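Asker: The lines below spell out each chain.
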Amino acid sequence: MTMDATALPSELLVTPQPLVGFCGLDTARVSVHKAVWEAFSGSLQRKAADRAAVQYKLLPPNYEFPVAKPKRASYEWYHPKGILKRNWMLKHLHVLPSVVVLFQDMEWNDLQWTEKQVQCAAIVQALKNTLQERNTRLCLVLLQRAAPLPPGEDLLAAERAASLTNACGITSKMLFILPHTEHLTGYALRLESAFLDMAQSYYALMSKRIRNHRDQLTAAHTSLKIRHQFKLGFVAEMRQDFSTGQKHYFQAYANLDEIRINDGNCLEIKTLAGFLNYKICRLMFKLKTPRDAINQFIIHVEKHKSRVGFKDLAFEHHAWLSTQHSVFAELFCEAIKNGLPALQTQHPGIYYHKAAEFVMKRRDAAMEAYAAMQASSEATPTPIQNPLSLYTEFFGIRAVKTGDLVAEQQANMQLCDQERSYNHSAAIIALLSQAMAQFKIYKCLRFRKKLAIDMAEEYLKSGDHAKALTLYSLMLPDYRQEKWTTIFTDVLLKTLRCALLSGSVADYIACSVEALSLRHQSDQSERILILENLWQVFQGVPPMPKTQLTPEAQALWTSALANVKSPIQIDLDKVNDVVEMCATFERVQLSNDDLLQLQLIVRVLTDIPLRIRSFHVILADAGNPQNSYKLEALKYFCFPTLTQLRGQKQPDDEQLENPSQEPKNFEKNMRLEPGSYYQLFCSTEAQQFHENTQLRIVRLEAHMGTDQVAALLTCSSNYSRQLFRHHTRSRDLDDNVTINPICYIAPTFHLDTQTNLGHGHDNGLTDDKEMVATKMLVNEYFPVVTTVSNPYNVYLQNVGVHISIPVGLRNSVFLTTDISPGRQKLHSQIQIDVGELSAHGSNTATFYIFSLTEAEIKLAQRLSYTLDVDRGPGGGGSNARVSTAPNSSESTPDHEVKSVIPSVAAISPVQIEYLDETRLRKSREDTLTVRCYGDFKFNARFYTMDRKPLNQVYRGENFLLRANTEVVAVDDVEILDSFFICDHNLVQSNYSFKQKKYTNKYSAGEQLESVIVLRTNATLRDWATARDLDHRGKLEGKAVASKFIRPVPKPSSEEPLAPTPPAGISAYMSKSLVTKIPTTMTIINSNSAVSNALQVANAGVMSNSTQSDDVNVAEEAINTHEGIKTTRLIYNKALEAVQGTGHCRGFIKKIYTLEGNPSAVPIFGVFCIRWRRANCKEENESKFVIRGLDIAEPPLNIYCTIEEKMFVKMPMAFKVVLKNPTTHVLHLIANLSISKTDNFICSGHKQLDISIMAYEEKELVYNLYPLQVGWQELPVLSLEYNTKADPQKKDSQNALLDELVQRALPKRVFVLPPLKQQNK
Amino acid sequence: MAFCIAVIGKDNAPLYLTTSDMEQELELQYHVNAALDVVEEKCLIGKGAPESKELYLGLLYSTENHKIYGFVTNTRVKFIVVIDSSNVALRENEVRAIFRNLHLLYTDAICNPFYIPGESLTSKKFDRAVQKLMSGTA
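One line per chain: the protein sequences are A and B, in this order. The first sequence finishes on residue 1320 if you use UniProt numbering, and the numbering steps up by one all the way, no holes. The second sequence finishes on residue 138 if you use UniProt numbering, and the numbering steps up by one all the way, no holes.
Hints may be right or wrong, so weigh each one.
Selected chain A positions facing chain B (in silico; Cβ < 10 Å) [unchecked claim]:
| # | residue |
| --- | --- |
| 1 | F439 |
| 2 | L445 |
| 3 | K574 |
| 4 | F639 |
None of these hints come from the bench; they were simulated from the model. In this text the structure is predicted, and so the values were computed from the model without any measurement. For every residue, glycine included, the Cβ atom is placed at its ideal position computed from N, Cα and C.
Produce the entire structure from the sequences given, and follow the hints as far as they go.
Answerer: Printed below as a string of structure tokens:
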């Protein structure tokens, strides 16, 4: 029967367990009985605990046990028809128990004990009668409610137990008590072990009986020996003696070899061999000898794989082999589950795979047998028979008479008919699935792929093309990647066939394109055929001729072609060697108004020409990858070899060779010849892309097919170099063609600027401008004229020029656009708004640079404007033509801006800022360079009246300020005026205000000199400020009158106060009124004397004093925004002072200087020079701060007046005024030593004792009569303290008096010749 | 003697593959391709033990009709030889000798200065020598 060959019986697959039968339990109606049954056979309890291997069966009442057969006295003439009966294992596993347990509800103190005992005895007797001739053990269990008492205490129980055993005819060992209390499970466990012991003895006895038969067997009873060994092994398993069981099974397996095999008994022997092999391997795995199991199985298969049996039933043999392998695989899996480690080369998947292979052979053999049967059955019709008609009671034996050829043939035909209804593909696929799972576990991925391909073939044969297509498609990439060409070709062609049969258009097209490659081993004629079929699909026609395609497939294709989604994407990066494409930008950088050009190099790598509908290049913005653009190739060149393509790079050679060659127009579905290089050109306006954009080639596309059905061959733009590329003669493609994958769109700046300074980067223009332009000077408001022009046909708005000063010069360089006379608004940054500039429009802007230092000034200039652009919705760029690609925006600019004048590439980068969708702001940074030159070189020194350098000045003393100015300007300047504005605490003599005449022009190197006589009325401690003047507001009305009033000096501990302060002040006021008139006269006279002294100094006598290092050199004046106001204030005050009071005085406010830290010494004043350029009207003013000296309190003020001119023999007055600035009386001795010289006749006191009261003056008058002409030494006046009158004075203080005299009195005079009037 | 001899590159791409029976070429290629699983497993084990210098990998796996042996060079080029299972007389030493000879032939072939590493072995001399090796007359 087919069942014997295709499956093992279920009773063989389970582990044999002892069978124990229960009777007397009514589990349906009595709850106690149910609880007892659950205690023994409950599945939950058995799983929880480690229960013994035993099988319980609830026997119904009147259960009929199988009747034992009579024993044979001798086996001499017994020849069984088979080896193993079908029902033997079933009988001992499920029918005939080893122990029968009878349960009875009997209490020792039961009132009806006698009746129950009689009934129990009857039941026991009935069981004995039923089990007659059997060795089944019998036992009696009494169900009682109470626990048994200890032995010996319950006399009633002992008495009745003995009575019961006698009545039933059993021994005391066969009687048990089972109290059904809360500890029922524990009692059940103890009973179970007792039952097992009885079962073990039963099976041991059974083995003994079987073994006794062996002694009676002869050599001719081989089948009986096998049967007996099998039974012994089975019983040993029942007894849990697996080692003994294995031995018996192995012995039975060995005995099988002794039987002579023929076609008649081949099936039976293989069936039994399979049974025994299963048992042996199972026990070997159980006994932890897996290697033996594997070896046993290998030997088993090797021994029987050539025993086919009937030729017509070869499929049965293959089915048997398949079953052997699959069953062994399951055993292997179970062993692994129990902890057996498996190897990569030895795991269940291998056996599942072989099982699947044998099912394939089974199918082939079945088809052959069926074909043979069909040929031979034409004469004899076959009646349909019942499959059970072949059933016999022995395994592997059919109900066919031996030797009856007709009956055998009919049986074979019946088996063939049954085989046809079997689904072989389903079995193969199931086994392959299991094998794949195992191969995956053990990391045999390539094995697994092979199995997947086998499974796909099974799906293909069974007609499930969709699943086959899926599996094949999944396997293609791996073989393609590892370049197994033969395997890949085989799988690809099968995939193509599946796509054809299942009507999958996309897969068919993709496989067809890939099948065109030369890497696949096929002929050119086959590729041509594939290409023709492909084009049929492109045209919407099923690919094969109608005669070769089934109507179902045609219907599939017709409906599929109607619903196809075109185009079908094919990734050339994965597909091998069909078309080679490479793209490059012609130029790396473009302006916004240039033409963007790309080259696309295409080569067909197969040996048949391809028709390509169109080529496209997809670009993307490197900064914004979401936006992409598609360009189509419109023109092309064709080169047969790579060498010619390389030569095309040199245009000169090309022009010489082919002057008239032009690119051809690319037509739809153009034919590309294999092996040739096609150079295609894509071009578009760069304006449609954003400015300041890096374009990158993303993908290349080749469109193939028709409008209805098409294929899109795409590949990435990355050109992969091959290893060892220098070994080939022509080398690689990128060695012949320059590949630029990125192109930069440089922005266009629509503004040009021209200034009178010239641009720093334009050398020629700068040189030309520098020759013409005027040089800038310090303290000059230098004009800068900027012309902003728009040379493009673009309307610009919000045009602005932003000028800023470098940070390092912020404190000394300023900008202004203020053209008012005051020019008070100075800035570090200015913004000039030009406004709007139309096409070719221009505008000018003027600003001024004001610098206080000589430096090369680099102004940062930023030009900016806004522009209207048409970018369309979405903010993306636009294509040159409308495109249907979903990832590229579609919009066309309404107006294309074309430039008339090509712009010069800007050195600095242009910044672009998008304000909104339609407005764009551009800005560019430039640098303006201007050199600032010095105007004047100024230095000033202080001198005493005798023309000596001055380090310290005494209050009330006259001293000289000598200001030297040198013109260092590179251009001629006109000096309009120069004046000194002194501090309020200083007094200038009237001589200083004498207006000087200046020449019209001064050149570089010329020098000017001014001498100013100054006097201070306060020491540093008494230095008055503007706040002090405001504090004495009520004295403002007396400004003129009180200009010589000095504040009362602060009291000092060293100087005691005057005895009568009110009287002193009053006396002082009277003195000041008296001295007003002589003061005016004295000033006039002193001017003449000072003038004479200066003339002598100019002669060179005082040249040494200019080298003194102790003189403070004035610093340059610095102005800020506040400084301008201060300058203006000073300026106005100076003019007002000159006109109003005749004195140029005022408070010097905070003038900003380059030096950060203010000095403790006050500022004496500001020297101003008003000047302008020659032939210009713009007036400028240079200011120099004059720093002060230390002012000390003198012990005595000495003033000297002398006539301006002295003539021979004309008397003149020589007056010396002594002023006591202290608060106490001075006692002096004045000596006029005239005896040294004979040049003057002197009249007056030669020696005079002088006493000067506090704050009083004393005047010494001498009349001098010059006797000779020329420089004459004046008489020497010496002062010393009168120590007699004032003992406090010391001789050391006389030195100070001498110094004061030396500083105040002149020493020499120039005597003029006599006047003519005297002669008359 | 041998059904198939294959030279596999370090990226598991076949550089050379020849079979004695053309009808079985596809099946043999599948077997050789599947044998790379075992080769990779053995090489992976070898990485853990850098002291292992054995190039001969032994029997990779066997099928009903074939036994497949492997050999790997220091540059990770693999040699696969498929032998008939029924040839019980063939010993381990003879398989080693086949691989040793194959290694010599391979080194001679790649010494050709015009051979580009990574490409297929198309040397006629190499092919003839391998054919002799496969027929057992080498």
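Asker: For every hint, state whether the structure bears it out.
Answerer: Hints, one by one, checked against the model:
Given hint, F439 of chain A at the interface with chain B, holds; its Cβ is 8 Å from that chain's nearest Cβ, closer than 10 Å. A least Cβ separation of about 6 Å between L445 of chain A and chain B falls short of the 10 Å threshold, and the interface hint therefore holds. Evaluation of the K574 of chain A hint against chain B yields a violated restraint, the C-beta minimum of about 16 Å exceeding 10 Å. A distance limit of 10 Å between C-beta atoms decides the matter here; for F639 of chain A the minimum to chain B is near 25 Å, and the interface restraint is violated.
Of the numbered hints listed earlier, those contradicted by the structure are 3 and 4.
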